[in-house]
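Going down the list, the protein sequences come from chains A and B. Yeah, the first sequence ends on 430 if you go by numbering that gives the first Met the number 0, and it's all consecutive. Yeah, the second sequence ends on 195 if you go by numbering that gives the first Met the number 0, and it's all consecutive.
Since the hints were derived computationally from the structure, they do not count as laboratory data. Glycine residues also receive a C-beta, built at the ideal position from the N, C-alpha and C atoms.
Coverage of chain A stretches by chain B, computed from C-beta distances (three or more under 8 angstroms per stretch; other residues unrestricted):
#1 70-80
#2 86-96
#3 137-147
Far from chain A by the CB rule (all over 12 angstroms, computed), these chain B residues:
#4 E39
#5 E60
#6 S86
#7 G87
#8 S100
#9 D101
#10 D104
#11 T121
#12 K165
#13 D176
Here are the simulated lysine-lysine pairs, DSSO-like style, with alpha carbons at most 30 angstroms apart:
#14 A:K72 / B:K32
#15 A:K72 / B:K186
#16 A:K421 / A:K241
#17 A:K5 / B:K2
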Amino acid sequence: MNKHIKKALPELIEAEIITPATADKIVDFYEAKASDPQRRLLIVFGILGSILVGTGIILILAHNWDNLSRLSKTILAFSPLIISQALCGYTIFKKTYSVAWRESTAILLFFAIGACMALVSQVYNISGSLDSFVLTWTILALPIIYIMRSSMASLLYLAFISWYVVLDWNYGYYWLLLAGALPHYFNLIKRDPASNFLAFHHWLIPISAIFGVAAATDKHESLIVLALLSAFAVYYQIGRSKLFESAKLRTNAYLILGSLGTALLLIITSFDEFWSYLYESKYTWTIMVNSKTFATWIVAFLLAVVGGSRLVYRTNLKTVLSEYPKSVVFVLFSLAFLLAQSGDILPIIIVNLLIVWVGMASVITGIKSGSFTKLNYGLVLLTILIVCRFFDMDISFVIKGLIYIALGVTLFVVNYVIMKRKRSTAQLKHQ
Amino acid sequence: MKKIVIIGFVLMVIIQLYVPVGMIQSAEKVIAKGKVFKFETEPVDPYDPFRGKYITLRFKEDRFTMDKDSTWQSGQKVYALVEEGPSGFALVIDLRKETPSDTDDYFQAEVKYANQYKSDSTVLTIQFPFDALYLEESKAPKAEELYRESLRDDDKLTYAMVSILKGDAILTDVEIDGESIVDLVRKANQAESNVD
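Generate coordinates for the entire structure from the input sequences, incorporating the hints supplied.
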């Protein structure tokens, strides 16, 4: 804290310019603002401590004392909740500017809600389902994020809604629950773009949303692949947007998830099983239209179209097609899906070509920009494609073995050549 | 700004207290005003990470043959109407899709399986909402042992005491031949420590 201000405070109080309470607030404000490593450590330990205390409370309460009367058990059930609420109240009034206080008390309250409900249902033998228990808990915990301005509560909330959607598969309100956490997320992006909390949110939100998309699977399982592929395209487009332009790869979860998700789905659907099953099940669009999966796909598809157009607008069509094919493959994949009604050969060819396209584009941009990550991503993708296709073919082990060796050598050689070239350009620059 | 935060905080505190208090209120109401039924049972001892140890009860009568109705599905909510049978134990006399208006003695359950294989009837297996009795950790295994023994012993009757009122059901105790399982465990533990 600025020493000059500290010295001036008693004088200001004496002169009745500020009240002693205001002086305290000023001290608190500057103490909270000081961003020394000690403070960061305090936040980390505050959070860890609260999580431990919170889970400890749940375990102790789960112990269940049946020699206590119903009234004393009920009082015990409420004590952690009331104490945590009181601590949160104290934080709001006295420690508003302290991140460590806000985060720690918010986490305590988060766990205390669950503990209280669990103990009450234990006292009254309300067995209830785990999913409705988690849902009620999560909804009651949502306001903590905003009132305590707690990012850790937001992360816990995101983890809990993901858990919930896994427990209660096919739950449509998941998106409402997710929307509940978004204002805090957007606020973090705006106010604190460099924070670690935001980096965690960047990872947790897309992972959670993938559960949400997958949970829309109903009677038409194959359609979910379309929805997921469109969702991954949206992720990839977000990862390539202005927001993440200068971000490190490890914080650009959207790019990593979008890229890996697209590759994985393409590889899975490059086998003939997927398409022959689809062809044999003789699906018709009229049946599929009336399903939750279809609606989810439409929404994801439209979002991906908007995102794709924005990317084309920001760069140009040629760049998108040659460098970012992952942001547009969903369109051609949907076309393949449409064609699957009349046969399974054409879709398989399309998907295999899509993989070649994505792989080659990555290799070429990797070589051009000297990026080993891009280069190897492309090479590995192409290698997997070749390996998978040879699985399908009935050829001798010797030939299969030779092909695998050739692939391995190619991977090594290409990397070696690029590395050499990179070094020589670096040396040239040096000279 | 501060004012909004304070109002928000007060509202949050109220809602967070209201939900568990509401759970208690409705349970107390069922216990006070509901009718007590004895349900004959069959047990297992799992562990609920949030709520501690409990013994799971299996009910003897959980399968019901209904008139053929292919609209029954597993997971569906169902209202079970209860009556005291001639042996003194509860009997589920009817299963309905709509809330019954002619009686207060019914509870809400879930269809576990709907067996549609027969052409003239549908067999429904019901998941009872009162299937867990929570016990203190050290007592649960002993209670389960007693529960199992009593189930093997044909002369002993094991049953759950359940208060029922307009769709809600609260399990208040499990008894073996008229004695609470909690008291039986206490006695068994005392006898053991006396031997030691």
